[in-house]
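A.B. asks: The lines below spell out each chain.
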Amino acid sequence: MSSPSATAHDNTYGQDDTYLYHHFEDLQQQHESSSLGMWAFLSTEVLFFGGVLGAFAVVQTLYGPAMKAASEHLDPILGAYNTAVLLVSSLAMALAVRASQLRQHRNTVLFLVATIVLGSVFLGVKAYEWIHDYHLELVPGINFNQDRYPGRQILFWSFYFTLTGIHALHMVIGIVIIAIMAVLVQRRWFTGGGATQIEMLGLYWHFVDIVWVFLYPILYLINR
Amino acid sequence: MGYLGADYTVKSWLLTTDHKRIGLLYMISITVFFLLGGAAATLLRLELMTPRGDVFGSPDDYNRSFTIHGVFMVFFFLIPGVPAVLGNFLLPLMIGARDLAFPRLNLMSWYIYMIGGLFTLYALVAGGVDTGWTFYTPYSTMFSNTQVIAAALGIFIVGFSSILTALNFIVTVHTMRAPGMTWLRLPLFIWAHYATSLIIVLGTPVLAITIILVAVERLFKVGIFDPAYGGDPLLFQHLFWFYSHPAVYIMILPSFGVISEIVTAFARKKIFGYSFMAGALLAIAVLGFLVWGHHMFVSSQSMYAGMIFSVLSFLVAVPSGIKVFNWTATLYKGSVSFKTPMLYALGFIGLFTIGGLTGLVLSTMATDVHVHDTYFVVAHFHYIMVGGMVMAYLGGLHFWWPKITGRMYSEFWGALSALTVFIGFNLTFFPQFLLGYIGMPRRYYEYPEEYQVLNVMSTAGASVLAVGYMMPLIYLLISLKVGKIAGPNPWAASGLEWETSSPPPTHNFLDTKIVTSGPYDYELQEFADQQREVQEQGIV
Ligand code: HEM
Ligand SMILES: [Cu+2]
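Chains as they are written, first to last, in our numbering: chain C, 13 to 236; chain R, 63 to 602.
It is possible that part of the hints are untrue.
[Claimed, not checked] In silico DMTMM-like cross-links for lysine to aspartate or glutamate, where the CA-CA straight-line distance does not exceed 20 Å:
| hint | chain 1 | residue 1 | chain 2 | residue 2 |
| --- | --- | --- | --- | --- |
| 1 | R | Lys575 | C | Glu37 |
| 2 | R | Lys331 | R | Asp583 |
| 3 | R | Lys331 | R | Glu585 |
| 4 | R | Lys575 | C | Asp38 |
| 5 | R | Lys546 | R | Glu595 |
| 6 | R | Lys395 | R | Glu585 |
| 7 | R | Lys283 | C | Glu149 |
| 8 | R | Lys283 | C | Asp145 |
| 9 | R | Lys283 | C | Asp159 |
| 10 | C | Lys138 | C | Glu149 |
It is worth saying that the hints were derived from the structure and are not from the lab. From a predicted model like this one, the values you see are computed outputs, not experimental measurements.
The task is simple: from the sequences and hints, build the whole structure.
C.D. replies: Structure (structure tokens):
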């Protein structure tokens, strides 16, 4: 059974009352497993985005001028604003990780909530941009106006919506998990403050940020 | 008492986090998908017995049948088969761990597998899919009127399940080895699963995104692959084969691991060139990512790209050759005993060699142009995937059956099944090389008269093969009731999994194992003694 047994152990991660699952020798090993698992998971994520980005790179090389014409309808200022918001959210997340390691439950919850708020602001701005695109009749499959945007420009928008859509989906998933985690920490569900779990969540959130840091220049800037 | 008897309730199975029980859950579900895929194959072979279309009402039904056959077999049987069943059961045992690093994630992978299966089954009953297992665009995104999205989602989901299992394996091998179990003391089975897991983690997400793009394109007509909207259908093929060529190694590398274990155990010799064997596994994993273009020689890809992919494909033959030569060298002057697992393993080596050599014919651009999309290709990949993976799976199942269940099966029926499968297999697929060579295209349900003789041979072989596959299903089940008690190590084999009781206790070992030497010390005196003892008890 993998029901946790709260054995007292010396460790560097979240004091002596973090759970140790039966099949690990010690907390060190348990913590290493979690972080290796998360890093391996993130490497699959890199390839997940890598697939579309690779395809986009091909299209970009083949149809440069059309891509350039299309990307001019994006607002780089909004994108930059969103990049900044997301980076600050990453900072909040890092602070939450730190707080959880110090077992400051109140601060942990506070920083997690800050991360959620900033993440939501990002999604709000993104939604605003999408609605704007919709009004410009730029959404393939829904209302794309081939006459106004002739040639291969539709390809740019196909990739734009796929990439930003998948990224936004990752953010939504992240926000939901962070919210759950904040409630659990608030209720003292983790005897050790959930330091390991929040650290892994932090890795995920930073990853989502980094993806955006790549998407922003690729979609908004390189064609200018 | 063992993990089997720990608790008998259905709930204790459905909520188990014991890697051994999860392995058995997979074994049952995988068998079901194998039977479904097999049923579709039976229909295909019946149809092809005559040159006219007479079994299926329309060519479309034929298309649906080979698609569902391919989808079930590839994504639900061949890819997860060895890792999810044998890997799950054995990996922690072999490295002296109490469980996988993430037991609940492991259970979740099984549920995800089942959910993916349900989506695909839904696609089947809701009208089927007629695109072929490769889902080539723009047909799949634009023209097909079938359940492409449901099937694609099923594959996406089941891919996620393999990713989670692979993550679990990688982490377990890194962090949970018993004291003294250094990297160069790992059994080759573990190396094989490690290399496979790397491919799964790096390859599967690319398939996942490709499938999402297909689904998005069908739903929203966004035109990433569809030329009508400015997209590029070849882009799909590149992305698809970037995953699916490595995927063929996902199917075969774990089998290499199984065969290595069996060959040393029954030749009673240390495996020849251990570090080369481990290195070859990693080399295949890496090279596997560089050769996808050999599926696209005739797709208008540039001739220079074709040449490069051709050369890179030849390179894969080097580590594959190392494997075959080293198994042979291990057998050389060994005291070989031809038990059922060994018969399956020998069958594997033979069939894999034929499959691999014909791979070279296909990797040569000029010859591939002649046989591309003919039955030659069908024969090639069945030799490797069915002749390879299924032989290894059955061999491994027989080898570790005493460990899994604590019982021995009937050696007579075991040997007979191995023989039947081998004969049936060759009779089914060898004629297909000839058919392809003289020009019969794949995916056709009617054909000119002159191809009939070879097709009838193939269908006849398929029925022999089916009998061969049904036999283990029967006598293995019977062995559960009447089989002789196996004891911890009925083959006198080396490896930590044989040092615990059969079936193993819930936490695998009663004491912490400490490893002091490399694997496969068959030449040591202590093993000779153990073997004699086992023989005296009359189990082997
Ligand atoms: C190791 C296990 C292998 C497996 C499981 C495997 C499997 C397959 C499969 C499934 C296909 C057909 C794909 C389709 O539906 O179109 C195929 C085609 C092909 N294989 Fe393999 N293969 C293996 C090894 C090799 C090797 C070692 C080579 C070359 C050295 C090779 C070269 C090719 C080529 C060139 C084709 C394309 C043929 C064509 O479509 O014209 N394969 N293989
Ligand atoms: Cu290939």
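A.B. asks: If a hint holds in the structure, say so; if it doesn't, say that too.
C.D. replies: Okay, the hints, checked on the actual structure:
For the hint linking Lys575 of chain R to Glu37 of chain C, the alpha-carbon distance of about 12 Å falls within 20 Å, and the restraint holds. Restraint check: the Cα-Cα separation between Lys331 of chain R and Asp583 of chain R comes to about 8 Å, which is no more than 20 Å; the hinted pair holds. At roughly 6 Å between alpha-carbon atoms, Lys331 of chain R and Glu585 of chain R fall within 20 Å of each other, so this suggested pair holds. Between Lys575 of chain R and Asp38 of chain C the CA atoms are separated by roughly 16 Å; this keeps the pair inside 20 Å, and the hint holds.
Restraint check for Lys546 of chain R and Glu595 of chain R: the C-alpha separation of about 17 Å stays at or below 20 Å, so the hint holds. Restraint check for Lys395 of chain R and Glu585 of chain R: satisfied, since their Cα atoms lie roughly 13 Å apart, inside the 20 Å limit. Taking the CA atoms of Lys283 of chain R and Glu149 of chain C, the gap is about 15 Å. The hint holds against a cut of 20 Å. With a CA separation close to 17 Å, the supplied pair Lys283 of chain R and Asp145 of chain C stays within the 20 Å bound.
Distance check on the hinted pair: Lys283 of chain R and Asp159 of chain C sit about 17 Å apart at the alpha-carbon level, within 20 Å; holds. Proposed proximity of Lys138 of chain C and Glu149 of chain C is supported: the alpha carbons are some 16 Å apart, at most 20 Å.
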